[in-house]
Each structure stands twice: as C-alpha cells, then as structure tokens.
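Q: If you read the sequences in order, they're chains A, B and C.
Heads up, the numbering used here is the position in the first sequence plus 70, with the first residue counted as 1.
Heads up, the numbering used here is the position in the second sequence plus 7, with the first residue counted as 1.
Heads up, the numbering used here is the position in the third sequence plus 1, with the first residue counted as 1.
To be clear, the hints were calculated from the coordinates, so they are not data collected in a lab.
It is possible that some hints are incorrect.
What the hints assert, rightly or not - Listed next, with one range per pair, are the computed distances between beta-carbon atoms:
hint	chain 1	residue 1	chain 2	residue 2	range
1	C	Ala37	A	Val250	17 to 25 Å
2	B	Arg304	A	Val250	57 to 65 Å
3	C	Pro153	A	Thr124	27 to 35 Å
4	C	Pro153	A	Pro89	18 to 26 Å
Where a beta carbon is used, it is the ideal one built from N, C-alpha and C, also for glycine.
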Amino acid sequence: MTQEKGHRSAPFAAALLAPVSILYLVFLIVPIGYFLAVSFLKYSPERLYLPELTTDNYRRLLSDGYYRQIIYDTFRISAIVTLFSLIFGYTLAYFLSRMKSAWRGILMFLIIAPLMTGVIVRTYGWIVLLGSDGLVNRLLIGLGLVSSPIGLLNTEPTVIVALVHIMLPYMVFPIFSSLVSQDPHLVPAASTLGARPLRTFFEVTLPLSRSGIVMGSALVFTLTAGSIVTPELLGGRNVTMLGQTIYQLILSTFNWPLGAAVAAILVVCQFSVISLYFRKMRRAY
Amino acid sequence: MLLSAPVLRRSLVRLKGFNDVQSVLTLDKIVKRYGTTTALGPVDIQVKKGELLTLLGPSGCGKTTTLHIIAGLTRPTEGQLLLSGRDITSLAPPYRDMGLVFQNYALFPHRTIGQNIAFGLRMRKVPKDEITTRVRRMLEIVGLPNVADRFPHQLSGGQRQRVALARALVIEPSILLLDEPLSNLDALLRKKMRLELREIQQRLGITTIFVTHDQDEAFEMSDRVILMNSGNIEQVGSPEDLYDRPQTRFAAQFIGEASLIEGDVVEREGEDLVVDIGHGLLVPARAVTAGMGRGTRAILMTRPERVELTIAGEDGIAGMRIAKRVFQGERILFDLETPGGQNFQCSVPSIEKYRDLKPGQQVGARFQECRAIPVSRS
Amino acid sequence: MPIDQLASANPPHANRAIVEPAIDLSRVGRLLFTVAVAALYVFLLAPLLIVIYASFSPDQANTYDISRASLRWYRAFLDSDSFVSAFKFSVMLALIASVLATVIGFVTAYGIVRFLGKKREIGRSLAMLPMMVPHILISLSLLLLLTQLPIPEMAALVIGHVLICLPFTIAGITASLEGVDADVEAAAYTLGASRWVVLREVTLPLVAPGVLSALIFAFIISFGDVYIALFLSGPGMTTLPIEIFSYIQWESSPVIAAITTVQIVMIVLFGLLIERLVGLRTAMRL
C-alpha cells in the first residue's frame, strides 16, 4: 500500500532525515574533503601545513621506492586476503545455505561471534597461538618436527592468515544472502535436465550468487587495505602496509600533508579496484 | 474529540450537497494526480444514508484510491469531500469518523482482540467500563463472544476478518469503508461472509462503501454499484441495471459474459432499433441511450443465455457458422461466427437437439433482449 | 507447436544419453566438503578458544597443563588500574555512542521507510556512507577537524563512534520497520489516533525487539573499535582495545587473555540476546 499518509509528508521527512544528514555532512563529508585537500598543501614542521598548493606529496610517494613498495605490498596482501576469504567464505556460505534451520542458527552464530569481538581480540588470539610458547610451536616440538620454537610471528604469511581470519565473516554474509535468495527449485530443475551436481553448481548456483561475491570481495578488500593493527602486531618490522604508514606520518612525524596523500592514494586505489571489479562482474553476466 | 466540529470549521461549511437530504457523503469533482499522471477522476459520487454502495472495477481502476481519499489516507489533488454537508477535504484521518476495514485486516499484532476493538474507543476517551460493555456487545454482533483475550495470530482468517469489522464498527462511524475485505478468505468462507456482512450492515443500518473487483460480491451485497475503469466512473446503478443495461463497451464486457457485435442502425422507433450486422442480417435491439438514430454505428451486446440457437426451419437469422463447441455438462456453449466474421457466444441446454452439432456446420440464431451501445461510448 | 511435431523435429538420436557414473563421485565430494567446513570452523574459533585457555594460565606461559589452571590473571586484571579504567571508559563510551546511534538510527529509518517512497533505496544507500569509507579516514578527518574547531576531544570520539555505528542501526531498524504493515499504522490513524499516538502505541511496540538489538549491536561495534579510538583517544580517555594494543606492542602477558576473555563472554551473551530478540541475521543485514 503506497500513500502519503500525512497530508504534509515532505516537512516530516525533512525533519526526520535532518539529524543524520547534518551529522554526515559536518562530521564525515566536509572533514574528509578537507583532509584529502590537505594532501595538496605544503608540509611545515611548525604548523599543520602551509597554505600553498603543491603536488610534491604525491610526487614523492610515487617516486620514492620505499613508499612504492608499501603501496604495492598493501594491494598485493589485500588481493591475496580477498582471494582466500572468497574461497573459504564461499565454502562456509554454501554450507550454511544448504543447512537445516535448527543447526543453522548456532553455526551462523559461531561465525558472527569472532566478528563481534573486534580486531584486537582476534589479532591477540593469533599472537597467543603462534608465539614461541604458543600451541603451534608446542605441537611442532611435541611431534618432533622442530627442536626449538620457530619464529612464526613477524612474517607476512602470518599477517595474511590472521587477516583472512578477521575478514572471513564479512565475506560469508553477503554470499550467504545471495545463496538463500535463490529459487530452491533451480537445482532440482537442472538435475532433472541431466546436469550433475558439480555442473549444476558451476552453471546455476555460482553465477546467481555473483552479487554476493562482489559485495563481499569489495568489503574485504577495502577493510584489508586499511588495516593497521594486525600488520603492526603480527608483521612487526617485516610487514608495512599503507595504514601503518599513515599512522606513523601523522602521529609520529606530524606530516599531515604527506599522510593525507597516502590516505588519498589508499582511497583512490580502493575505489578503482572496486569499481573495476564491479564492472568486470557486471560484464560477465 | 473533533466529531463535533469546531465553530471555526462550522463557519466554513459549504452547504453544497446539504440540500440533498439523502446524501451523507458527497465527492465533488475529486481528482488525484501523481505528478502529471491522473490516477483518478474527476469523480462525482453521492452516498445515500444507510445504503451499501460498491465500488467495482479491475485492479488499478481507482477504487482503492477513492476509498483512501474518503478515509483521509490520501489527499485529493482537486475537488471536495462533504460529510453531511461539512467540508472534510483537508481533515486528517483521526478526526474523520470513518470505520475502515483493510484487505489484510491490519489488526494490531501486539494487542489482544479485546484491545484491538477497544483502541478506537480509547482514542475517543470513552470511560473504561463503557469500553468493556461496548467491546463485548460488538464481539457478540460479529459472532465471536469468546475471543477477547486472544491475539490476532491465534485466530483464523475468517475470525480476524470479523474482528477487523468489529473494530471499525465499535466507534459507530458515520460511514463504514470496506477495502476488499473478503479477498483473503477461501471461496466457501467468502460466500458465507458476504451474506453475514450484508446482514450486519442492514441490521445496524450503517452507510457502507464497499470496494471489490469481484462482480458476484458486488451483485449479491450492494444496493448500488459504481463501476470504475482507469480512474473514471463508467456507470452507476443497481446490480440489475448494470447487468441488463450496460452503457459502455467496458461495462458490457466487465460484467457477466457478453458478446459484442458491431453493426449499423437501419431503423429506429423509440428505443427499439434494428441493426444490420453485415451481409444484410438484421437484429432487433434496444438502445441504452438516446441519440442512436438511423445510420449511426452501434455495438450489440448479447449474453450467451439470451441467444437462442436455431436449426433449419426454425425462426432465426440463418448463416451463422459454428466455430467452436464446448460441452459443459448441463449446457453446451457454442462460439458462432457471423458471415461478416464477428464472433459471439451462445449457451443452450444440453438436449439431444443440439448434441450433434459440430464445428463448421451452419446454424441460425435468435437474439433476445439485445442491447445497443453507441460506438462513441466505447 | 503440437507435441508430435516437436518430437519429429528432434529425432531420438539427437540427444546423447546421460550415463550414470561408475563410482559415486558425489559422496566423496560431500565428504571432502564436510571436512573442509569443519577445518574452517576450527580456523575461525581456534584463536578465540586459545585466548580463553591462556587466560587461566598459572604463570607467564601461554600453554600449561590444564590441571594447574588458575584465576590469577583475572585478579591481575582487576588490580590493574589502567585496564580497569580503560574497561570502564569503553563501557561508558559504548553506552553513549550506541544510545545516540540508535535514537538517530530510529528517526532516520522511520523517515526512510515511511516518507521516502520510491527514493527509499537511495536513502538507504546514503545512510551506509560511513561503512563505505575506511574507518581510519573517518578518524583522521575528525582529528583534523579537532585542530580547527573548538570541539572537546571526547565529543569527537563519541561522534566517530556514532558514525561507524549508524549504518548498522539504520539497516537493522529499517528492516524491522519494513516488517510492520503500513496498513496497521493506517488503521490506528483512521481509528482516531494522532501521529504521535500511532508511533507510541503501534509502531514502537512492534519494532522494539529490532531497536533493542540495534542498540546492543551498536554497543558491540563501539566497544570493539580500534581505528576510531586509535587517533582520537587521548590521556584519560583510552578505550580498552587501545590500552590492549599499546600494551601488546611491547609485551604479551596472560592478563590480556583474561581481559579479552571477559570481553568475549560479554559479547557472546549480547549475541545470544540479539538472537533471542530478532535473530542475528536480521540484525546483521547490511
């Protein structure tokens, strides 16, 4: 039933949507615009910035091998994390979508619970698990595979494993939604037409869950590329991602213009990767 | 409450429609537009005191919009709404005093049946003990004396429907509005509720506007029917009027089974016409309106049970070809084709005389009570 | 086309017969799939379970014989002023932020669902804005704003948390409101209830579970946040995740395990509460 129930619904709508609009405008859109604008201003050791327009910050980031390596590493790690999250997340989402409802709630909760504990708790879990006196090292020694604890922390693979762990739930839910919204008669329909289960999966189920894959991947990629805490705690000096660089530039050296430029590069790259992905997926239809 | 109009509003009362003592509610040139598209009107409706008036039409014809305008849930773009002569066009729903029964009943799921029915009375600040007695009496009227403490989800569809009716009636509204109230019930219950609804309505003598797309419902229950199509009123009349004397091609086709044959008026005497339907075949018909003189184009409306099938030697218009035969048990339905290639239907009793007629054979037809509608009205 | 013509158009040999495979591959596949799912659950839960285990350690080590389990690190947590005050501060911040995000979220969702009509989808997407930008960008921008405007630092932290909670409260309450039949509101309206009475007597009771779970969900998000607090917390206003972060940058001690176990238990309880109220899936709807 559609109707304007109130006789003067426009003012009502405006009044109800005003708080959120003001909040987003004043504390989100304008400050982010301002922050990104600072990336085009000159650095000053005494002040936040000098009000002089310049592209030096960007030129420095793109020419300096140190920063180029960080940009490259960040997107390589994000891509790997997205790929593994997609494979694992799809498996879990598919499993949950084909499940009887009584168990589904509990198993679903076991995926949501880690998500709700926050990044710090999960990262800490990996420190405990992989530390020199952690369970993994104890097991390796107990099995006689190694004689003394091996350094599992401060390596890139560890950062990737932990990030996959942290991002997995974000991948599961969009894919799960797209799977359960599929017409349940499609699979039996394909099988009566002679398609075997695997064939049915690749020809019917997978293409129809594309929207969930795109959503989940975009989310995971964005979140991973912006991580600070996990690479900082698990990667030590051996892994540096863009988020950490921004953190150091702004909180340690107070170089706002350069920090803003790194943030801008992060955002621009994220959006271009995501939009490329969206476009590719749409064309594939 | 605002049931008694404030002095200010009283001074603004327009007396239009007030002279017409019989009209409780008047819709005066009501128009509803969404952007540039006109969804309704202009529509003029006069609702008489105590009658059950039905708005009948296919989905999208504007009947529900009309009902929502009356209830105040939709504001008309143009026109005026008068309740007993008082202008209520811009009055918000809470002050309108209309009892609306929704298609899906719209009962409050978090409230008991008793609380559901009491809601309108509470809003009117009726004393507690009076609410209790009125709710109990209302539940008796709708035949559900023992459900006051249950919740809506514990009732069957038919019971919920009655509760929705009770909730709308208990506030003693000046007009009861029913928005397809039977469409969510199964076929058997629907037939039973039709009679029950009509019985309650007549017992209470409450002016009622009923919206439906089901012509059987409309015919069985209504005093008057307003037939609507794409935002406009096609015809207003008693159920008999609509069935026997459709004024437009739409009315003829929407109500009952009708066959339409085009032809030219060749003779006219009062209301009686003779129409040439091609190849010199002449059919007698009665004009539904004035102004269908000789030489004008006309549409003949027949109904299957009003065409008699004739075989060689009987008195009828010969030259019809059987296009299709459908055996229905007690009757046989024939699709006949005129020499000019126009089709019409004819329903005959399933007796031996007609049993062996096969598609392709030539037969005759005798038209009874044929109506002629001017082409311009279609 | 009649069915007999259809048959003659495709002679019988045009279709190759589908042959049943000799071994039942699908059973092997199903087994492998089940093993993979079980392994993934172990992967998901191991880091949390190990933290709970480590929290009962009798000494500095993270692994120990379970018969020697002790509560000494819980004691150490309660004796540590910095962690206790960070915990208290996080609870307070999360309470303020989640209540604000829920109130604003309700008002916004009500506006979107009941008044935006066809533009509803646009409204809903715009409401998700804070989720589409990286959280560090939000907090850095607010930090920059702090340097320019006389905003108390606490206010900036609250605003940051409200911003990251809003997409979740708006989405959750919108879903709840869409479950309320607009006709039920219209019915109350025609029965003489004013707009305010309809909201109070009909709409709010019907969406109460959804609103409450949005509140809990916002609390959880605010409580677990690091990225906003990383830039916006300062002396005297350190959240628990930041306190933990700065601590484990230097050393690892089972006291952290004890604290995070408390947090895990709290979150699991909250999660179960949401599940009871509306089901986690509805609350999670993004």
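Q: Which of the numbered hints above does this structure break?
A: Nothing - there is no hint that the structure violates, so all of them hold.
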